[in-house]
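Novice: Here is what each chain is made of, one letter per residue.
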Amino acid sequence: MGHSYEKSKKIAFKTINILGLITIVEVVFALAGKGYIIEGVEVSTAIMALVMIALSLTKAYLIVYEFMHMKYEVPALVKTVLLPVGLLIWAVIAFFTEGNTWLNYRSNLKEKNEEKVENREVKPPAKQESMILINDHNNLG
Amino acid sequence: MADTLTHHAAEENAEKLWEGGKQPFKISYGKLMMWYFLLSDAFTFAGFLIAYGTLRVSMPTWPVPDFVFSAFPGGLHHKPLYFVTVMTFILLFSSYTMVRAVQEGHRENKNGVVFWMILTIIGGMGFLGSQAWEWNTLIAKEHVSVTTNPFSAHTEYGVYLEGDGVDIKEGDTFEPGTPYLIHKHDGEWHQLDYRVTEGPDAGTVKEQEFGPKSFGALFFFITGFHGFHVLSGVIFLIIICVNAATGLYIKRKNGYEMVEKIGLYWHFVDLVWVFVFLVFYLI
Chain A
125 MGHSYEKSKK IAFKTINILG LITIVEVVFA LAGKGYIIEG VEVSTAIMAL
175 VMIALSLTKA YLIVYEFMHM KYEVPALVKT VLLPVGLLIW AVIAFFTEGN
225 TWLNYRSNLK EKNEEKVENR EVKPPAKQES MILINDHNNL G
Chain B
31 MADTLTHHAA EENAEKLWEG GKQPFKISYG KLMMWYFLLS DAFTFAGFLI
81 AYGTLRVSMP TWPVPDFVFS AFPGGLHHKP LYFVTVMTFI LLFSSYTMVR
131 AVQEGHRENK NGVVFWMILT IIGGMGFLGS QAWEWNTLIA KEHVSVTTNP
181 FSAHTEYGVY LEGDGVDIKE GDTFEPGTPY LIHKHDGEWH QLDYRVTEGP
231 DAGTVKEQEF GPKSFGALFF FITGFHGFHV LSGVIFLIII CVNAATGLYI
281 KRKNGYEMVE KIGLYWHFVD LVWVFVFLVF YLI
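Chains A and B, in that order, are what the protein sequence lines are. Quick note: to get this note's numbering, add 124 to the position in the first sequence (first position is 1). Quick note: to get this note's numbering, add 30 to the position in the second sequence (first position is 1).
Think of the hints as simulated: they come from the structure by calculation, not from any bench. Among the hints, erroneous ones may be present.
[To be verified] A partial selection of chain A residues facing chain B, derived with a Cβ cut-off under 8 Å:
#	residue
1	LEU174
2	MET176
3	LYS183
4	ALA184
5	TYR189
6	ASN232
7	ASN237
All values derive from a computational prediction rather than experimental measurement. Yeah, the Cβ is synthetic: ideal placement off N, Cα and C, and Gly gets one too.
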C-alpha cells in the first residue's frame, strides 16, 4: 500500500527487527534494574516503570502504524480509531488515584487493628460524653 | 457568482461522497468494521489491565514478577523472564509472517499467502503451547489458583527460623521486598516461621503470609482472555488459509482482503501482548 512490493518487504523486515531489539532492551533493563546482571546496581521502580511504558508505547506505535497499516489510512479513519483511546488516559489517572486511596485505607485499618488499649479502670461516662469520645477517636485517623 | 458555484459543487461532491457506493475512508466495510471491533476489544483489555494496576497499587505487597516467572522447560529454575521472552518472540515472529502473507496477497500470489499463513499458524500454536506450559507450572507445581496465592514478598527485615528444603535455609535473612513462595507438600501448606529483626515488631516471631488473593484471579483471567483471543485467531487463520489454498480468494480479485482482515486481528493480539507483557512481567 503506497509502496512497491519490494519496498514494503524491506519496511516489514526492518520493523520486526526494531520490535525484537526493543523487547530485548526491555528485558535486559528489567533484569539489570533489579540487580540481576550487575550485582548491587538497582534503579528506582518509578524510573523503571516510566522507561518500560515508553518502550512499550513505541512498540505499540510500530505495530499499529506499520504492521496494521494505520500510517497509510485516511486521516479521518485514523482519528475515529485513535481519539477514543485517549479516554483511557483519564481512566488510568483516576483508577490509580483510587488504588492509592485504598492502600491508605488498608494501612490505616492495619494500624488501628494493632493498636493496644492499656488496661485501665473505665468510668462509665455520661451518655453525651461518650458520643464525643467516639467522635474524637474517629478523628484521630 | 463563481463563488456560489464552487461552493455548490463542493457541497454536491460531499453529498455524493456519503450517499453510498463510495468509500469515504478508502477502505472496505469489512476492514472498517474490523477496526471498530478491535477498538472495542482494546477497551475491554484496557479495563482488565487497569483493574490489575489498581489492585496492585492498593496492596502493601505484591508477588515479584521476576521471581514468580522464573521457571524454564527442562527443570531449570532461577531464569527470570527467560521463558516469557521466548513467548514474546514467538508472537512477534508470527506477526511478521502475517505481514508477509498480506503482502503476497496484494500481488495475488496464492502460494506465498498460504506459505506465510502456515508459518503464522505454527507461531500461534507455539505461543498457545508455551502458555499451557506456563499455566501448568503455576497450577500444578506452584499451586497458584484463582483463590489462593502462595507467592508474596516480605515487608520487614527478618531472619528465617526454619528452612523449606528448596531455596530457603534456616538462618537466611531477608529485607522488605524479598520474594518468597510458600510450598505445599502432601496437600499441606508449609508457612515458614521467621523472626523480625528491625522495626517496631523487632523480636516477634511470625509466619509467612499468603500473597494478595487477587493475583491468581487477575493473572489467569487476563492471560486466559488473551490466550482465548490467540486460540480463536488460530482457528480463523486455519479457515482462511484453507480457503486461500482452495483458490476461493482468486475469484474475488480483491487482493486477498480476508487475509488482510485476519491480519489486522492477529496484529491486535500481538499489540495486547505488548501491554500484558508490560504490566505482568516487566514492571
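Novice: Determine for every hint whether it applies to the structure shown.
Specialist: Going down the list of hints, with the structure as the test:
With a cut of 8 Å, the hint placing A/LEU174 at the interface with chain B is violated, because the nearest CB-to-CB distance is about 10 Å. Interface restraint check for A/MET176: the shortest CB-CB distance to chain B comes to about 5 Å, inside 8 Å, so the restraint holds. At a threshold of 8 Å, the smallest CB-CB gap from A/LYS183 to chain B is about 5 Å, leaving the interface hint in force. Nearest Cβ of chain B to the Cβ of A/ALA184: about 6 Å, under the 8 Å cut. The hint holds.
Given hint, A/TYR189 at the interface with chain B, is violated; its Cβ is 11 Å from that chain's nearest Cβ, farther than 8 Å. The closest approach between the C-beta of A/ASN232 and any C-beta of chain B is roughly 12 Å, which is over the 8 Å cut-off, so the hint fails. The interface hint given for A/ASN237 is violated, since its Cβ lies 13 Å from the closest Cβ of chain B, which is over the 8 Å cut-off.
Violated hints for the displayed structure, listed by number in ascending order: 1, 5, 6, 7.
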